[in-house]
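Engineer: Going line by line, the protein sequences match chains A and B. Per our numbering, numbering of the first sequence is gapless, rising by one per residue and ending at 139. Per our numbering, numbering of the second sequence is gapless, rising by one per residue and ending at 536.
Think of the hints as simulated: they come from the structure by calculation, not from any bench. Mixed in with the good hints there might be a few duds.
If the Cβ cut is set under 8 Å, some of the chain B residues that face chain A in the computed set are [claimed, not checked]:
1) Asp-307
2) Arg-318
3) Gly-373
4) Arg-407
5) Gly-415
6) Val-431
7) Glu-435
8) Val-437
9) Cys-438
10) Leu-459
11) Gln-506
No residue lacks a Cβ here, since even glycine has one placed at the ideal position from N, Cα and C.
Spelled out, the chains give:
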Amino acid sequence: MFVFRLDTHSGVPPYLQLVQQVRQAVLLGFLQPGDRLPLIREVVEDLAINPNTVAKAYRQMELENLVTGRPGQGTFVNAQQSAAMSAATYTSLGRGLATWLRRAYAAGLDEQAVNALFASVHQQTRNEDVA
Amino acid sequence: MTATEFALRTDGVGKRYRKGWALRDCTLDLPAGGVIALVGPNGAGKTTLLRMVVGLLAPSTGTVEVLGHDVTASTPQTLSRIGFLAQDHPLYKRFTVAEMLRFGRATNLRFDQALAERRLATLGIPLDRRAGTLSGGQQAQVALALALAKRPDLLVLDEPVASLDPLARREFLQVLMGAVAEGGVTVLFSSHVVHELERVCDHLVVLNHGRVTLAGDIDTLLAEHRLLVGPRTATDLDRAGAVVEAVHSDRHTTLLVRDGGLPAAPGWQAQPVALEDLVLAYLRRPSEPGAAVTSGVAA
Chain A
9 MFVFRLDTHS GVPPYLQLVQ QVRQAVLLGF LQPGDRLPLI REVVEDLAIN PNTVAKAYRQ
69 MELENLVTGR PGQGTFVNAQ QSAAMSAATY TSLGRGLATW LRRAYAAGLD EQAVNALFAS
129 VHQQTRNEDV A
Chain B
238 MTATEFALRT DGVGKRYRKG WALRDCTLDL PAGGVIALVG PNGAGKTTLL RMVVGLLAPS
298 TGTVEVLGHD VTASTPQTLS RIGFLAQDHP LYKRFTVAEM LRFGRATNLR FDQALAERRL
358 ATLGIPLDRR AGTLSGGQQA QVALALALAK RPDLLVLDEP VASLDPLARR EFLQVLMGAV
418 AEGGVTVLFS SHVVHELERV CDHLVVLNHG RVTLAGDIDT LLAEHRLLVG PRTATDLDRA
478 GAVVEAVHSD RHTTLLVRDG GLPAAPGWQA QPVALEDLVL AYLRRPSEPG AAVTSGVAA
């Protein structure tokens, strides 16, 4: 059964953290179409988390067509059309990133510098796309 | 929204003691079904507000409406829908747990003793023990089970986890959140600990110096605020009063802004703000009369 985590220092709203964890698990193949997510009640008692937060996350996932709730049965992962990365894309993007990381470390950057650079360039790119 | 969709409405509520005002101009609309945290330092007026909500204290000004009924009228029917857990989970220390339950049944219009016994059995708390001999965490659980046995529509808790160790705190919140998941109860609790609030609350009320300084749906509040980090600047920062707090170092300026996510100026980096930092920033603000900032729910 899928297990959620909660990082209370990230600044990311808890409901969004839950959505992101499922999205990522689907993308990476840890969650497969037909898999059942834990019941809201189970997540609540596991994480000691507000049930409205979990319900909001599940609603958002349904809205994104990530999962389907079936009354009385539970919430199930959908077959993904566009969202799922093909294994080839995953491998090739991963390799590209690994090459870039090796260059960054060779240039003397440490992990924090890499993260700062990534965040900064990522935001610039996003801003340019919006503009 | 109709009146019954609000668990709690206060309008211009104030409380004046001989030494002065403990609470002023408190106007809140809090939706039913939510978990609402009332946050503020000691002496901010949290307990005063909570005691007015449960009808233990009459306001000097304004009105308090719980579940559509004026609390100052305090009919047994209204009060039976409100559960209250005072600070430090008071129990009669020489009563056994079973006697506490019998006392609860005898003194309440609604009391689901079987429900309380089931909850305590799940937690492994023996009914024949005297309350005073239980651990702090177990006493808190017994007090919570008693409050939940009323099947209240509004459950008010004053600093429920302040005195508990981290494990007991987590167990207490697990039971409390489980009760919310069953539906039908709105929870309002006070806390001076802001850590971990995000986990359990969907609404927030920040109280400081007897005034509400921030109130609203937490996700909305977090989406509206962010941290901007950029080169140190002496120019006029306050675009339309959006700056909540500005911190300067030699070359950097960090701004906490409430601008609803406008694009950041060139050279500035925007970051989401953690709830804890947001609350602390509002608590650090000097008190200004009438400067309450509200969101999500009407002010």
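Engineer: If a hint holds in the structure, say so; if it does not, say that too.
Structural biologist: Hints, one by one, checked against the model:
no.	hint	result
1	Asp-307	violated (27 Å)
2	Arg-318	violated (20 Å)
3	Gly-373	violated (18 Å)
4	Arg-407	holds (5 Å)
5	Gly-415	holds (5 Å)
6	Val-431	violated (10 Å)
7	Glu-435	holds (6 Å)
8	Val-437	holds (5 Å)
9	Cys-438	holds (6 Å)
10	Leu-459	holds (5 Å)
11	Gln-506	holds (7 Å)
Going through the hint list in order, the structure does not satisfy hints 1, 2, 3 and 6.
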